[in-house]
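With the hints as constraints, model all of the structure from the sequences given.
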Amino acid sequence: MIEAKSLTRRFGSLLAVDRLSFEVEAGEVLGFLGPNGAGKSTSMKMITGYLPPSSGTAVVGGHDIVSDSLAARRLMGYLPEGAPLYGELSVGQFLAFVAGIRGFAGRDARSAVSAAVDRLDLHEVFNQTIDTLSKGFKRRVGLAQAILHDPAVLILDEPTDGLDPNQKHQVRRLIRSMAEDKIIIISTHILEEVEALCSRAMIISRGRIVADATPTELVRRSRYHNAVTLMADRLETAASVLGELDEAREVEIREGRLTVFPSGRGRLYEAISRTLAEEGIEVSEIQLEAGRLDEVFREVTREEAA
Amino acid sequence: MGNTLMIMRRELASYFATPVAYVFIVIFLIMAAAMSFYLGGFYERGIADLEPFFVFHPWLYLFLVPALGMRLWAEERKSGTIELLLTLPIKTGEAILGKFLAAWVFLGLALALTFPIWITVNYLGDPDNGAILTAYLGSWLMAGGFLAISSCLSAATRNQVVAFILAVVVCFLFLLSGLPMVLDLFRGWLPQVLIDTIARMSFLEHFNALSRGVIDVRDVVYFSLVIGVWLIANRVVLEMKRGG
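Going down the list, the sequences are from chains A and B.
Residue 235 in the working numbering sits at position 235 of the first sequence, and the numbers go up by one each step.
Residue 64 in the working numbering sits at position 64 of the second sequence, and the numbers go up by one each step.
Treat the hints as calculated values from the structure; they're not laboratory data.
All values reported here derive from a predicted model rather than from experimental measurement.
One thing to keep in mind: the hints can contain errors.
[As the list claims (entries may be wrong)] Only some residues are given here: those of chain A computed to face chain B with a beta carbon under 10 angstroms:
#1 R74
#2 F94
#3 A213
Every residue, glycine too, gets a C-beta built ideally from N, C-alpha and C.
The structure is reproduced here in structure tokens:
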């Protein structure tokens with residue numbers, strides 16, 4: 001378990017992280033979301049023991065990150081932002097070094113390295129110098145280094161940043177496959193990633209938590225939740241007819257699409273399809289919206305900024 | 001101790017994976033030879049010893065050791081690997097010592113590769129080989145002093161050029177602190193006791209005896225202290241600069 005207790009960090013007069021408190025249990029994949037400079041990376045740096053907090057602390061698996069830092073660090077695997085690596089070494093040399101520091105020796109070290117290499121599919125570049133690798137491979141070497149000792153806690157700062165869609169998919173699959181018995185904290189500003197990966201999303205803005213819920217719950221806060229968006233001929237007519245419905249609260253036309261927001265009374269979707277059929281309006285596309293995370297994100301982070 | 005050795009091995013692997021190691025060794029050997037033969041008059045003196053070789057080592061180290069040491073921490077800071085290194089379960093002191101030892105062992109290797117000059121002097125005459133060995137060890141110890149200074153100052157910046165210049169300046173002050181030119185800087189605003197202390201801090205002073213093969217415990221203790229104090233300072237700088 002990770003427990004952050006009023007974690008605070010100042011850089012001069014700038015308050016980067018402001019009394020951050022939360023708990024994470026094993027099995028959770030927590031997504032840190034937030035605009036650039038919100039304090040995501042700073043929080044991760046404090047939890048992993050790189051940055052000493054200005055005040056407050058965090059406890060990782062029973063070990064305080066300030067007073068018992070080494071024990072806490074043993075439990076964690078960390079991918080720093082940008083996946084920095086010793087570029088002049090080969091992948092094999094680098095992973096062997098990390099294995100050594102993680103306390104593996106001899107045959108154990110070799111099997112830990114080869115398990116990580118298997119998991120991230122690094123066989124073909126094993127003897128290659130890290131500097132000569134593509135961005136995708138470098139990121140995977142960074143991940144291999146983080147999971148090498150099968151840590152109880154994985155902290156990944158923007159693990160898919162700069163990867164192509166296939167590589168992103170692969171990294172997400174890896175994270176999902178490890179999620180079951182670990183605590184995983186990832187930071188990202190890719191919202192789809194949170195929906196695809198995280199069991200819990202925490203939106204951070206200006207160093208404070210402004211939302212903490214499952215991605216589904218967050219999406220429900222969107223005003224688009226349960227709204228119906230459609231494309232049709234005679235959009236203006238459709239808008240005025242549908243606006244009259246008891247089930248509809250308001251209508252909005254944007255970019256050639258009509259969105260009808262629910263009033264909460266009755267079933268909006270059925271009412272709309274019935275009405276459109278009666279009016280003889282041709283519909284080319286219609287969908288019931290779950291909600292839009294980007295809109296919720298903008299909403300909660302803007303409120304804070306204002 | 002295990003962690004220190006592993007960090008040292010990784011660091012050494014990095015030296016030899018890049019041209020740094022080879023370029024450094026080649027330049028070191030060329031300059032060491034050039035200084036002893038041209039400036040020192042190795043042949044012309046007609047004496048079978050290595051004094052013209054060792055006497056220039058402080059000047060050789062003044063530029064070459066900061067060049068080797070400038071990357072120790074500045075590069076880790078610049079590339080971000082420092083975050084990787086310091087979140088591994090190792091003590092900061094182990095990381096500092098491991099990196100320092102790697103560079104020091106490497107300097108030892110470069111120094112050992114000057115052995116042809118030792119063979120030459122043995123071929124030409126009958127030198128005191130015990131004195132030569134002492135001088136070699138003294139030279140290596142002094143190189144450690146320069147290196148500890150460079151390592152500490154490398155932790156103060158993420159810019160290797162700045163680290164290099166700072167290290168050269170500080171090493172220069174330590175080298176010459178016994179000369180009036182440096183002491184005059186302090187005269188007038190520091191008490192005499194401190195000026196005497198500064199005068200006694202000179203690398204040249206302490207290397208002089210060692211380079212002639214005379215082991216004075218005070219000189220050995222002096223260089224060991226210089227290394228120790230600067231490595232402790234290195235740790236303080238590193239902790240202060242964390243993530244800043």
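Hints not upheld, ascending by number: Hint 3 contradicted; others consistent.
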